[in-house]
Amino acid sequence: MEILGAIVTLAGSILLFLGALGILRMPDVYNRMQAGTKATTLGSILFLAGISVGHYECGCIGKIVIIILFVIFTNPISSNTLARAAHFAGIGLTKRSVKDDLKDDDIEKRGEEK
Amino acid sequence: MADLIYNIAAIVALAGIVLSFARLILGPTIADRAVALDGMTIIAISLIVFIAYYSNRVIYLDVAIVYGLISFVGIVAIARYLERGI
Chain E
1 MEILGAIVTL
11 AGSILLFLGA
21 LGILRMPDVY
31 NRMQAGTKAT
41 TLGSILFLAG
51 ISVGHYECGC
61 IGKIVIIILF
71 VIFTNPISSN
81 TLARAAHFAG
91 IGLTKRSVKD
101 DLKDDDIEKR
111 GEEK
Chain H
1 MADLIYNIAA
11 IVALAGIVLS
21 FARLILGPTI
31 ADRAVALDGM
41 TIIAISLIVF
51 IAYYSNRVIY
61 LDVAIVYGLI
71 SFVGIVAIAR
81 YLERGI
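Line order of the protein sequences matches chains E and H. Okay, so the first sequence: first residue is 1 according to my numbering, each after it adds one. Okay, so the second sequence: first residue is 1 according to my numbering, each after it adds one.
In isolation and in its complexed conformation, chain E is listed as follows (with noise of 0.2 Å):
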């Protein structure tokens, strides 16, 4: 059961680890923001998981479900509000980038307002 838990949190470190080489190595903000909170999402999960699985013994694996419910339910939701304010700052895409729907959109309605 530890070596069981022992290599789920591995993995879940890795995950984390390649998250953050996303971050560093990604070439917008956009595309950081996605490699930054999809992958360490899942890995933290991961490592939590393992840990509380490896260590059953402990008897709190009720907090540790509660701090696995909380990263699930406010990492997507920051991530977004930030995706949002850089986009209505005006930070722009990098140049390889090849359709931006929510400029589209912005366009449209502008258009109608006149």
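Quick caveat, the hints were computed from the structure, so don't treat them as lab data. Bear in mind that the values here come from a model prediction, so they are computed numbers and not experimental data. Each hint should be verified, as a subset may be incorrect.
To spell it out: a stretch of chain E is covered by chain H in this simulated footprint if at least three of its residues, at any positions, have a beta carbon under 8 Å from a beta carbon of chain H; those stretches are [to be verified]: (1) 3 to 10; (2) 28 to 34; (3) 39 to 46; (4) 54 to 62; (5) 71 to 84.
Glycine included, C-beta positions come from ideal geometry on N, C-alpha and C.
Position chain H against the provided structure of chain E, taking the given hints into account.
Chain H only, in chain E's frame:
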């Protein structure tokens, strides 16, 4: 054996914190730095839980919960500041 794998996992996660910190220093805009700070905080929550089990102190789990709460509020405050100003 299991302890060795746990230690390796903690060291790999710590290397992730170092990479995010490099983006926190390099990042050209405020949003880059906020993203790097967010990633660092999530990894730090995981490491706090690891330390809580490593040193057999259950009280550190509460520290992890409060740290996550404060980081969430901080990121939302930074985003609101970016969008409309204070």
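Now the hints, each set against the structure:
{"no.": "1", "hint": "3 to 10", "result": "holds (count 6)"}
{"no.": "2", "hint": "28 to 34", "result": "holds (count 3)"}
{"no.": "3", "hint": "39 to 46", "result": "holds (count 4)"}
{"no.": "4", "hint": "54 to 62", "result": "holds (count 4)"}
{"no.": "5", "hint": "71 to 84", "result": "holds (count 9)"}
In the structure shown, no violation is registered for any of the earlier numbered hints.
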